[in-house]
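4 protein chains.
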Amino acid sequence: MIITMKTNASEHDINNVVDKINTLGLKAHISAGTQRTIIGVIGEGNHDHQHTLRSMASVENVIPIAKPYKIVARTSHPQTTIIDIKGIPLGGEQIQVISGPCSVETPEQMTASADAVKEAGCRLMRGGAYKPRTSPYSFQGHGVDGLKMFRDAANQYGLPIVTELMDVRELDNFMKHNVDVIQIGTRNMQNFDLLKEVGKTKVPVILKRGIAATVKEWILAAEYIAASGNHNIIFCERGVRSFETAYRNMLDITAIPYLKQETHLPVIVDPSHAGGYAWMVPALSRAAIAAGADGLLVESHPIPNEAWSDAEQALSPAELSQLMQELSAVAQAMGRTI
Amino acid sequence: MIITMKTNASEHDINNVVDKINTLGLKAHISAGTQRTIIGVIGEGNHDHQHTLRSMASVENVIPIAKPYKIVARTSHPQTTIIDIKGIPLGGEQIQVISGPCSVETPEQMTASADAVKEAGCRLMRGGAYKPRTSPYSFQGHGVDGLKMFRDAANQYGLPIVTELMDVRELDNFMKHNVDVIQIGTRNMQNFDLLKEVGKTKVPVILKRGIAATVKEWILAAEYIAASGNHNIIFCERGVRSFETAYRNMLDITAIPYLKQETHLPVIVDPSHAGGYAWMVPALSRAAIAAGADGLLVESHPIPNEAWSDAEQALSPAELSQLMQELSAVAQAMGRTI
Amino acid sequence: MIITMKTNASEHDINNVVDKINTLGLKAHISAGTQRTIIGVIGEGNHDHQHTLRSMASVENVIPIAKPYKIVARTSHPQTTIIDIKGIPLGGEQIQVISGPCSVETPEQMTASADAVKEAGCRLMRGGAYKPRTSPYSFQGHGVDGLKMFRDAANQYGLPIVTELMDVRELDNFMKHNVDVIQIGTRNMQNFDLLKEVGKTKVPVILKRGIAATVKEWILAAEYIAASGNHNIIFCERGVRSFETAYRNMLDITAIPYLKQETHLPVIVDPSHAGGYAWMVPALSRAAIAAGADGLLVESHPIPNEAWSDAEQALSPAELSQLMQELSAVAQAMGRTI
Amino acid sequence: MIITMKTNASEHDINNVVDKINTLGLKAHISAGTQRTIIGVIGEGNHDHQHTLRSMASVENVIPIAKPYKIVARTSHPQTTIIDIKGIPLGGEQIQVISGPCSVETPEQMTASADAVKEAGCRLMRGGAYKPRTSPYSFQGHGVDGLKMFRDAANQYGLPIVTELMDVRELDNFMKHNVDVIQIGTRNMQNFDLLKEVGKTKVPVILKRGIAATVKEWILAAEYIAASGNHNIIFCERGVRSFETAYRNMLDITAIPYLKQETHLPVIVDPSHAGGYAWMVPALSRAAIAAGADGLLVESHPIPNEAWSDAEQALSPAELSQLMQELSAVAQAMGRTI
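Protein chains in written order, with this note's numbering: chain Z, 1 to 338; chain A, 1 to 338; chain G, 1 to 338; chain R, 1 to 338.
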């Protein structure tokens with residue numbers, strides 16, 4: 001890190017800062033400018049050290065230089081990671097579209113969903129058994145019964161399943177029902193105890209971006225999982241909160257190339273929650289693939305109008321098939337397949 | 001709710017929407033305008049119903065009318081709630097300043113902190129035993145050992161304690177050590193399982209606003225706690241994420257009068273996390289009281305420069321005492337005491 | 001518009017609101033619900049009328065229904081508009097990439113720029129003679145001398161020119177030098193006097209989105225130009241301000257399909273100002289085309305490292321050529337050409 | 001500024017950067033760390049220089065150190081500036097509340113407004129003759145006729161007038177009618193030609209913050225005015241755009257202490273546009289004064305419900321008088337008068 005002293009800092013002030021740096025186990029390199037002194041700090045240091053130094057009255061600012069993430073950083077692992085999900089590669093040349101309903105509702109709905117997902121050419125299925133809902137009066141999901149329904153329907157079609165974990169106490173149920181990919185939702189991106197627990201498994205994790213998380217915070221959330229031992233992490237951009245009210249969220253398309261540069265992990269996009277309306281999904285999906293995304297998480301429902309939740313953003317089976325065709329052309333333009 | 005049909009909707013389309021409304025157990029009231037038809041929906045309806053209706057092709061928009069929160073709404077409970085914390089009232093004429101360090105570090109630091117908090121005239125103490133940290137490489141808190149240190153130090157000075165709960169599995173420890181006020185942090189405002197669990201206790205809860213939560217989402221998070229049976233809820237505004245980088249967060253001062261109008265619950269403000277720098281705390285604290293806040297949550301440390309975390313935003317004992325004096329004048333201008 | 005009355009509104013209150021509606025030349029349609037009365041207002045009404053009604057003490061809310069824009073709305077002009085720029089179509093099957101330097105610097109730089117732009121296969125050239133700079137101490141542009149240099153260089157290569165107008169008093173110079181497309185910059189999106197003046201010409205206008213303008217405000221800014229008589233308007237999305245600091249702005253990719261649905265006008269994207277770094281431009285450009293954009297505005301410079309402004313976001317001639325090839329494949333996937 | 005090189009930068013790369021620094025007329029100070037080299041740049045440098053250096057492939061980042069503003073900075077002028085407006089001081093011990101209607105409507109309305117403003121104890125009057133309206137179909141103001149009506153009404157009560165200038169071509173009219181304070185509105189904060197023109201006069205200028213302007217950009221906009229020769233500048237915080245939809249804008253209360261520290265100029269607050277509803281104005285006004293604001297800009301109207309614009313945010317004469325009494329107590333708590 002670099003410390004810029006206030007313009008009126010005295011030699012005594014500077015010595016105090018240097019002493020503090022030494023106390024923290026770091027070394028100082030002083031550079032006296034015409035207007036102010038700048039102190040380079042040699043050695044790692046962490047967020048807490050920065051705060052400590054910034055709290056000194058003679059310090060103007062403390063500027064971190066080193067990236068705070070390590071395991072997930074591309075600098076520490078230049079090769080792109082491809083994650084194996086029951087034999088299906090995510091992060092390689094083949095793009096994966098994960099589809100299915102917002103909520104697990106009934107066995108019939110799940111079978112019809114799985115059928116449509118398979119039919120459209122998708123290789124992985126999503127569905128929510130535990131539902132994070134803004135209102136306590138909305139449908140909260142079927143819980144473990146939903147997990148079973150989902151597992152049964154997906155098994156019929158040989159589809160690995162992706163579903164959201166909200167509560168550490170349910171992880172055992174996830175393991176018992178062989179959930180293939182654990183999704184950490186937007187509201188739990190910084191639920192650090194949950195991150196640590198899924199980090200102790202080897203199950204691939206989709207880590208959705210927090211509603212207003214910076215990319216740096218998001219990568220550090222992944223670092224929590226990685227630091228606990230699980231390196232099978234997939235970033236999922238799903239739109240961030242903005243001032244714009246014409247759509248549900250604002251899809252941050254720039255996050256895709258940025259993450260691909262900063263980390264070695266796969267990046268997928270959820271166009272359904274980003275836009276919030278089914279008619280926006282094709283354009284956002286094409287854009288995501290063209291920007292370099294490795295996959296998509298797309299909500300679909302056998303009969304969208306009868307969905308118990310998020311009805312207006314679900315694609316019908318026909319719309320999902322149509323989307324897969326459109327995306328095929330874009331994937332080809334990117335030198336990839338779908 | 002109100003449904004606005006597209007301008008080109010046919011009578012057939014309108015009948016379909018009316019049928020769907022009836023299927024949902026609600027009633028329709030049609031109002032044909034010159035340009036478009038508007039359908040008033042009589043009966044409650046919820047978020048899911050709105051999504052279902054919005055998913056119909058002939059529907060332009062669905063506009064909710066009723067407020068989605070009930071128990072915490074002032075309309076359902078016009079009288080202002082005063083919460084009793086071990087005999088100390090929060091939400092009444094007397095303003096409460098809750099102070100203490102970011103992290104519980106050592107028994108000595110906690111005793112010195114408690115001494116300074118008491119000496120300054122505060123009646124409640126804060127401190128973090130479990131720490132939500134952006135980086136896995138920052139100090140994560142002492143956990144249950146920290147709880148004990150905190151409890152011991154506060155008991156010497158007769159100060160009720162406020163501390164953050166991050167993980168449902170730790171709630172038993174909180175009950176065992178008689179935590180007087182449970183804090184739900186910014187990152188867990190929509191950790192619904194955690195909200196439900198603290199809702200099953202009767203312990204007062206400080207519910208911090210999510211980093212980019214709308215006031216409506218925040219009130220609904222409180223409704224989760226209330227719906228589980230615990231009505232002792234205190235809102236804590238702590239700044240929201242914005243485009244401005246000159247301060248840590250943007251204190252949303254308008255949330256104070258808005259919450260006081262919409263709900264019957266107390267509202268406090270955390271000026272330390274809002275501004276991020278100790279020198280900003282006095283101005284933000286005065287503004288909060290002048291806007292109608294019932295209390296403050298202020299970080300202080302016996303020796304800020306030696307704090308293990310958030311050093312640059314902690315007040316020294318002298319600064320805390322000085323703040324209490326300044327606030328006394330503002331409280332008086334508001335017809336209150338401190 | 002629709003008026004929702006407060007739950008405690010009396011019959012007297014309702015009559016007062018109805019009287020006010022009549023005074024404004026509109027008609028009321030009362031719908032008494034179980035909890036509250038809703039009043040539909042028949043007739044147009046405008047923003048000021050909404051404010052007036054919302055100011056009545058018994059009114060809970062006023063909800064506009066009709067779209068506030070007319071001439072530029074697709075509902076009033078279902079056919080997609082193709083704008084003719086000196087024989088080059090913008091908005092049709094052929095995608096246009098407009099390129100050139102941030103600032104007009106020297107005749108040599110402009111000639112080299114024009115050569116590179118033409119060579120890469122672009123059909124239109126951009127360049128700034130009048131520069132809106134955040135600091136008064138940054139290069140402010142050559143002004144009318146810059147216009148001349150630009151015109152001369154572009155003429156050699158038969159390229160129509162796009163350049164920014166900041167001050168109404170310079171419009172005569174723009175007309176005199178036959179500027180082919182007038183750009184209204186981000187900071188002037190709501191400079192209404194400027195919009196009215198360019199609205200009196202027939203010169204095509206690129207209207208950049210304000211740094212934090214909603215899509216609705218942006219469309220209304222276009223409506224200002226259209227209402228003054230000039231319908232040759234091109235929307236340009238260039239990223240909006242957000243909390244994210246890893247890139248210069250956040251490209252709002254969703255704005256593209258949204259604008260294409262709401263209006264009949266062409267939409268282009270400026271990936272250079274959106275990302276702020278040259279290395280991000282290809283990914284953002286591909287995404288924009290895949291989302292349905294009709295063109296791009298891309299900064300390039302003969303020697304980026306010697307650019308007088310925005311050096312880090314300019315493409316070199318080789319990078320521009322490479323970009324055009326990549327985009328060709330994406331355009332093809334969209335059934336378009338470039 | 002400080003340059004951080006990429007970790008893989010070679011000695012050749014470093015030499016290239018040093019050469020470029022020398023070419024720009026600056027000097028380099030190399031500091032080789034264990035992981036990367038850091039180059040301190042001695043000498044001023046500006047935004048363009050930063051961009052140039054950041055465009056070099058071996059450069060990781062360029063970090064500005066010096067503040068980009070000079071004349072308005074407190075470091076260059078430690079004493080607080082008090083601006084004299086026809087004998088009324090703004091920025092000193094006495095707080096100024098500037099009030100009046102959104103729009104100049106009729107001579108009768110202006111006389112009644114002036115009467116109410118004077119009666120409430122305010123010493124300055126506001127009113128809009130030229131109106132920046134989001135929609136071209138809203139009332140656009142009476143223009144120069146409005147200026148005359150305003151001047152006449154204010155003269156009867158000896159009130160200096162504050163009114164908004166939108167178009168450089170109208171500045172002569174402002175001078176002719178002796179406008180006492182020129183307001184630069186939110187949408188024109190970065191209309192640099194307008195800033196330069198008002199900078200050539202000596203008339204005090206209220207510079208409203210852009211809807212999503214950072215404090216740094218805002219101060220630089222003031223620097224434009226100052227650099228043209230006019231140092232009579234008053235900052236006006238009026239709320240910024242945010243994700244929150246419950247209020248019109250989000251009042252950034254933290255900007256007040258921040259600006260008071262960074263600059264020597266007065267800061268006022270517009271609570272009317274910030275909140276957007278008359279009932280929020282008292283709480284926001286009290287908070288502004290308690291945070292250290294030197295004044296307020298408050299919309300009032302003889303009969304709010306009949307206002308031609310912004311009706312729901314205008315205070316009635318009785319509410320304005322009541323506000324002045326409330327503020328008197330808060331001013332006293334701050335050691336000031338009103």
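Any given hint could turn out to be false.
Copies of the same chain look alike in the list, so a pair counts if it fits in one copy or across any two.
[Stated by the list, open to error] Listed below are the simulated SDA-like cross-link pairs for lysine to any residue, each with C-alpha atoms no more than 25 angstroms apart in a straight line: (1) K70 - S328; (2) K148 - Q79; (3) K67 - E119; (4) K6 - Y137; (5) K70 - S138; (6) K202 - G40; (7) K196 - T4; (8) K196 - T34; (9) K118 - E319; (10) K20 - G45; (11) K20 - S31; (12) K148 - G292; (13) K6 - G276; (14) K27 - T37; (15) K200 - Y157; (16) K196 - Q156; (17) K118 - T214.
Calculated directly from the structure, the hints in this document are not laboratory data.
Hints versus structure:
1. K70 - S328: neither (35 angstroms within a copy, 38 angstroms between copies)
2. K148 - Q79: neither (37 angstroms within a copy, 47 angstroms between copies)
3. K67 - E119: So K67 and E119 fail the 25 angstroms test inside a copy (44 angstroms) and across (40 angstroms) alike.
4. K6 - Y137: between (54 angstroms within a copy, 23 angstroms between copies)
5. K70 - S138: between (40 angstroms within a copy, 14 angstroms between copies)
6. K202 - G40: Intra 40 angstroms, inter 45 angstroms, cutoff 25 angstroms: neither.
7. K196 - T4: neither (36 angstroms within a copy, 33 angstroms between copies)
8. K196 - T34: This pair counts as neither: shortest intra-copy Cα distance 48 angstroms, inter-copy 32 angstroms.
9. K118 - E319: within (14 angstroms within a copy, 41 angstroms between copies)
10. K20 - G45: The answer is within: 12 angstroms in one copy meets 25 angstroms, while 31 angstroms across copies does not.
11. K20 - S31: both (17 angstroms within a copy, 21 angstroms between copies)
12. K148 - G292: neither (34 angstroms within a copy, 41 angstroms between copies)
13. K6 - G276: Intra 48 angstroms, inter 18 angstroms, cutoff 25 angstroms: inter-copy only.
14. K27 - T37: both (16 angstroms within a copy, 15 angstroms between copies)
15. K200 - Y157: Classified as neither; 29 angstroms inside a copy, 41 angstroms across copies.
16. K196 - Q156: This pair counts as neither: shortest intra-copy Cα distance 33 angstroms, inter-copy 35 angstroms.
17. K118 - T214: Classified as neither: same-chain Cα gap 35 angstroms, cross-chain 38 angstroms, threshold 25 angstroms.
Consistency with the previously given hints fails for numbers 1, 2, 3, 6, 7, 8, 12, 15, 16 and 17, ordered from lowest to highest.
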